[in-house]
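Undergrad: From first to last, the protein sequence lines stand for chains A and B.
Just so it is clear: in the first sequence, position 258 is 258 by my numbering, and no numbers are missing.
Just so it is clear: in the second sequence, position 270 is 270 by my numbering, and no numbers are missing.
To be clear, the hints were calculated from the coordinates, so they are not data collected in a lab.
Certain hints may be false.
Derived EDC-like pairs (lysine to aspartate or glutamate); straight-line CA-CA distance at most 20 Å [said to hold, decoys possible]:
| no. | chain 1 | residue 1 | chain 2 | residue 2 |
| --- | --- | --- | --- | --- |
| 1 | A | Lys-272 | A | Asp-290 |
| 2 | B | Lys-301 | A | Glu-173 |
| 3 | B | Lys-301 | B | Glu-235 |
| 4 | B | Lys-173 | A | Glu-302 |
Away from chain A, derived, C-beta distances all over 10 Å, residues of chain B [as the list claims (entries may be wrong)]:
| no. | residue |
| --- | --- |
| 5 | Pro-33 |
| 6 | Thr-70 |
| 7 | His-421 |
| 8 | Val-462 |
FRET-style restraints, in silico, Cβ to Cβ [to be verified]:
| no. | chain 1 | residue 1 | chain 2 | residue 2 | range |
| --- | --- | --- | --- | --- | --- |
| 9 | B | Asp-319 | A | Gly-325 | 49 to 55 Å |
| 10 | B | Glu-56 | A | Asn-324 | 53 to 59 Å |
| 11 | A | Glu-351 | B | Asn-391 | 58 to 64 Å |
| 12 | A | Arg-332 | B | Glu-317 | 49 to 55 Å |
| 13 | A | Asp-78 | B | Thr-54 | 54 to 60 Å |
A virtual CB, placed ideally from N, CA and C, is assigned to each residue, including glycine.
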Amino acid sequence: MPCLAREIGASVKASYDAQTPINIAGAGTKLFLNRPPENRETLDVTGHNGIIEYDPAELVLLARAGTPLRDIEQLLYDHRQMLGFEPPFIDDGATIGGAVAAGLAGPRRAYAGAVRDFMLGVTFVNGRGESITAGGKVMKNVAGFDLFRPMARSMGTLGVLLSIALRVSALPEVERTVLHEEDNEHNALKKMNRWPRETQAISAACWDGRYIRIRLSGSEAGIEHAHTFIGGQWIDGTGYWRDLNNFKLDFFRASGRLWRVCVAPMSVSIGKNGVQLIDWGGAQRWLKSDEPPATIRSLAAELGGYAECFSDDPAVETFHPLDNGVAALNQRFKHALDPAAILNPGRLYPEL
Amino acid sequence: MSRAQTDKDPLVTLLRSVLPDSGIVADPVSMKPYECDGLSAYRQIPRVVVLPETVEEVQAVMRVCRQTGTPIVPRGAGTSLSGGAMPHKNGVVLSLARLKRILQIDADNRTALVEAGVRNLQISEAVQHLGLYYAPDPSSQIACTIGGNVAENAGGVHCLKYGLTVHNILQVKMVTIEGELICLGSTALDAPGYDLLALLTGSEGMLGIAVEVLVRLLPRPSVARVLMAAFDDVEKAGNAVASVIAAGITPGGFEMMDKSAIRAAEDFVRAGYPTEAEAILLCELDGTEEDVISQIDRVKKLLAESGATEIHLASDENDRVRFWSGRKNAFPAMGRISPDYYCMDGTIPRKELGKVLMRISRMSEKYGLRVANVFHAGDGNLHPLILYDANQPDEFERAEAFGAEILDLCVAVGGTITGEHGVGVEKIDRMCVQFDKASLSQFLEVRKAFDPDGLLNPDKAVPTLARCAEFNAMHVHHGNLPHPGLERF
Numbered sequence: 001m002p003c004l005a006r007e008i009g010a011s012v013k014a015s016y017d018a019q020t021p022i023n024i025a026g027a028g029t030k031l032f033l034n035r036p037p038e039n040r041e042t043l044d045v046t047g048h049n050g051i052i053e054y055d056p057a058e059l060v061l062l063a064r065a066g067t068p069l070r071d072i073e074q075l076l077y078d079h080r081q082m083l084g085f086e087p088p089f090i091d092d093g094a095t096i097g098g099a100v101a102a103g104l105a106g107p108r109r110a111y112a113g114a115v116r117d118f119m120l121g122v123t124f125v126n127g128r129g130e131s132i133t134a135g136g137k138v139m140k141n142v143a144g145f146d147l148f149r150p151m152a153r154s155m156g157t158l159g160v161l162l163s164i165a166l167r168v169s170a171l172p173e174v175e176r177t178v179l180h181e182e183d184n185e186h187n188a189l190k191k192m193n194r195w196p197r198e199t200q201a202i203s204a205a206c207w208d209g210r211y212i213r214i215r216l217s218g219s220e221a222g223i224e225h226a227h228t229f230i231g232g233q234w235i236d237g238t239g240y241w242r243d244l245n246n247f248k249l250d251f252f253r254a255s256g257r258l259w260r261v262c263v264a265p266m267s268v269s270i271g272k273n274g275v276q277l278i279d280w281g282g283a284q285r286w287l288k289s290d291e292p293p294a295t296i297r298s299l300a301a302e303l304g305g306y307a308e309c310f311s312d313d314p315a316v317e318t319f320h321p322l323d324n325g326v327a328a329l330n331q332r333f334k335h336a337l338d339p340a341a342i343l344n345p346g347r348l349y350p351e352l
Numbered sequence: 001m002s003r004a005q006t007d008k009d010p011l012v013t014l015l016r017s018v019l020p021d022s023g024i025v026a027d028p029v030s031m032k033p034y035e036c037d038g039l040s041a042y043r044q045i046p047r048v049v050v051l052p053e054t055v056e057e058v059q060a061v062m063r064v065c066r067q068t069g070t071p072i073v074p075r076g077a078g079t080s081l082s083g084g085a086m087p088h089k090n091g092v093v094l095s096l097a098r099l100k101r102i103l104q105i106d107a108d109n110r111t112a113l114v115e116a117g118v119r120n121l122q123i124s125e126a127v128q129h130l131g132l133y134y135a136p137d138p139s140s141q142i143a144c145t146i147g148g149n150v151a152e153n154a155g156g157v158h159c160l161k162y163g164l165t166v167h168n169i170l171q172v173k174m175v176t177i178e179g180e181l182i183c184l185g186s187t188a189l190d191a192p193g194y195d196l197l198a199l200l201t202g203s204e205g206m207l208g209i210a211v212e213v214l215v216r217l218l219p220r221p222s223v224a225r226v227l228m229a230a231f232d233d234v235e236k237a238g239n240a241v242a243s244v245i246a247a248g249i250t251p252g253g254f255e256m257m258d259k260s261a262i263r264a265a266e267d268f269v270r271a272g273y274p275t276e277a278e279a280i281l282l283c284e285l286d287g288t289e290e291d292v293i294s295q296i297d298r299v300k301k302l303l304a305e306s307g308a309t310e311i312h313l314a315s316d317e318n319d320r321v322r323f324w325s326g327r328k329n330a331f332p333a334m335g336r337i338s339p340d341y342y343c344m345d346g347t348i349p350r351k352e353l354g355k356v357l358m359r360i361s362r363m364s365e366k367y368g369l370r371v372a373n374v375f376h377a378g379d380g381n382l383h384p385l386i387l388y389d390a391n392q393p394d395e396f397e398r399a400e401a402f403g404a405e406i407l408d409l410c411v412a413v414g415g416t417i418t419g420e421h422g423v424g425v426e427k428i429d430r431m432c433v434q435f436d437k438a439s440l441s442q443f444l445e446v447r448k449a450f451d452p453d454g455l456l457n458p459d460k461a462v463p464t465l466a467r468c469a470e471f472n473a474m475h476v477h478h479g480n481l482p483h484p485g486l487e488r489f
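Just chain A, with the same shape it has in the complex (with noise of 0.2 Å):
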């Protein structure tokens, strides 16, 4: 297993002389995602690993890739800091450079913002073998093309990450949960975006068919202010978040695949598809259904959004197709990174 960087960058550098498609692996918990092909070489990234800085009052981590998150919330947490993308499957051992590929992100998201969002920069070896840096590990930096923002969501077809610069948040002086009746969908809605228009307290607002939850984060002043106009009883809520995020609540036992469809929040309903668990205010809608995937993907988007399938089916592509112009300059770029085609290929779609 490879451990320095340069060791990693020979690896690529000898796959891409030899034409050798690789799996790039880190902790391997989102292996469901687009599972890849068993029969080809790995590079397992896991060895490149350690906190490089870290400065509390920069608000500023840089960790190699195959750093368990479990590692960088422990650190964080001694610092009252946290990851604002609240990633999930920490617990499972997953890495920063697998939470970057993957792009997922907790119930935050909505409000604090995306995987994206936080990062300042990274190294990467391209599909050449070369290690390049893009960005940098400073707050605000416009500097050369945003080649890093691009590694969120990749599934690691643009390069084998070799270091991550993240903005890091505060932790909130106080968070609670709130649980309110409503079993309408569109007046759920309509509460979970009228309520951020008063306060911005909310990190986290879900709706289940009869409750809907809503984090509060804050001070405890600001906090009892939200709760004095969005009522409801106070309820611990840590658990809920937390299994919410990693795919663990009864909800996602139910029978058919796991839909994620990801919509402008106030879209119309989708319920009638399937078993429905509204988060992120709307924009993101968990949808248990066996109707054909095509039915899901055009439903989301002419909704202006899209809809991956979370269910390990190998007859199923994972990632929603893209418009023909869209796809092709996805091609080039990916082209442009990696010319050979060797990393992780078809772990997004069968042509990148």
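Assemble the complex: chain A is given as a structure, and chain B must be docked to it using the hints.
TA: Only chain B this time, still in chain A's reference frame:
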């Protein structure tokens, strides 16, 4: 020049076949306003200026340029401070100023769909009645366009808390060099495929032309209060910023000014700044009243512990506007005490502030030019203003060399040559200092993927390797070029 004369240029004839007469400016006198942008030291009259009014016209212009191999320099309001919109002498200036419609405001989903030529502030004005606003607020926001903001990934005073352009847009329709209209992003929070929206943002017009932008709108915070603190030492002020941020408080704006900037601003607008202070901090806290009140107490305590000699809370909105007026007028204030000034834009890790300011002050002596520093302290973005007189022989060259040395220092302490103004023509050689050869080649490969013939805003933002080789050969000592009188192109 008459139409008959300009039309001797076959390019103009071709453009006339796709645009109305009112959309073409081809005589040198009328093209004069387009010869430069906010970096007025660099000027060039273009071959022709086009002003399309529709997306279809933009597409048609792109096709003509591609067929004829003509360089294209896109232009919004021309407020760039890095020469991003400086014309190419054989090229077309493609002004997006006439694409200026606000197409849709979606109050429910808190978004606005606008054409590229819509001004930044105009968006916030159009949604004010809904209690919403568009957060990025570059200092040129009265004039600058959203298309230019996308091209430059514009920031502003409030981006510490609310993010840059890239964090506040959802979707961009862009015209490719082939003249195709492509939609990047989606109406959801992110989109399938690669994040080409992020790649396009800040690409300085080199990958495609943004023609329509779907922006996110934020609820206007109900309360904003500003604290001003004075310090007898710049480093103490820097440490005060770090202590507030480390305490988990994210101010809406967090700005620093040094003594020269304080005095110039105070003379100009009487903002009530203590002119004996070595540095002042302006810290704006916004949100709900409850949150803001609790934060004010905490911030005051932290500032006092960091050694602030005075702390004032703006008592009302008038006071708040007055405190900000000094900072917002810092640039014109410099214009009163110096015939010209040159604004730099490096970002550094905040902890390096004391060291960097001390080194800048030494450079000021070395180059014999005064400097004032204003600083987006919260995010480490430094704006040293180098004062010079363009009418004095050599002064602009000295100012440029001074600026270059500041940028090299920013890179050396782990920062960047540009936080928000862009590379443009101004800092293109500095890219050779910040990035290695492999990374620059990678940028060039990406550019080629979008624009194989290199027609979009050529000679900006990303240097060729040949240029860097030449630059590195000349870059013997920081700022001391072997032939300072020679044009360096």
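Undergrad: Lys-301 (chain B) and Glu-235 (chain B): Cα distance at most 20 Å?
TA: Cα-Cα ~18 Å, so holds.
Undergrad: Taking C-beta pairs only, is His-421 (chain B) more than 10 Å away from all of chain A?
TA: violated (8 Å)
Undergrad: Just to be sure I understand the hint, the distance between the Cβ atoms of Glu-56 (chain B) and Asn-324 (chain A) should be within 53 to 59 Å; is that true here?
TA: Check failed, 19 Å falls outside 53 to 59 Å.
Undergrad: Is the hinted pair Lys-272 (chain A) and Asp-290 (chain A) satisfied, with a Cα-Cα distance of at most 20 Å?
TA: The given pair, whose Cα atoms are some 12 Å apart, holds under the 20 Å limit.
Undergrad: Is it the case that Thr-70 (chain B) keeps its Cβ farther than 10 Å from each residue Cβ in chain A?
TA: holds (22 Å)
Undergrad: Falls inside 49 to 55 Å, the C-beta gap from Asp-319 (chain B) to Gly-325 (chain A)?
TA: With a Cβ separation near 52 Å, Asp-319 (chain B) and Gly-325 (chain A) satisfy 49 to 55 Å, so the hint holds.
Undergrad: So does Asp-78 (chain A) sit 54 to 60 Å from Thr-54 (chain B), Cβ to Cβ?
TA: Holds - the Cβ-Cβ distance for Asp-78 (chain A) and Thr-54 (chain B), about 57 Å, lies within 54 to 60 Å.
Undergrad: The output says Val-462 (chain B) does not contact chain A. Does that hold with a beta carbon cutoff of 10 Å?
TA: violated (7 Å)
Undergrad: Taking the closest pair, is the beta carbon of Pro-33 (chain B) still more than 10 Å from chain A?
TA: Since the minimum Cβ distance to chain A is about 26 Å, Pro-33 (chain B) lies beyond 10 Å and the statement holds.
Undergrad: Given the hinted pair Lys-301 (chain B) and Glu-173 (chain A), is their alpha-carbon gap at most 20 Å?
TA: holds (17 Å)
Undergrad: Does the hinted range 49 to 55 Å hold for Arg-332 (chain A) and Glu-317 (chain B) at CB?
TA: Because 51 Å falls inside the window, the suggested range holds.
Undergrad: Lying within 58 to 64 Å: is that true of the beta-carbon distance Glu-351 (chain A) to Asn-391 (chain B)?
TA: For Asn-391 (chain B) against Glu-351 (chain A), whose Cβ atoms are near 60 Å apart, the range 58 to 64 Å holds.
Taken one by one, the earlier hints fail for this structure at numbers 7, 8, 10, listed in ascending order.
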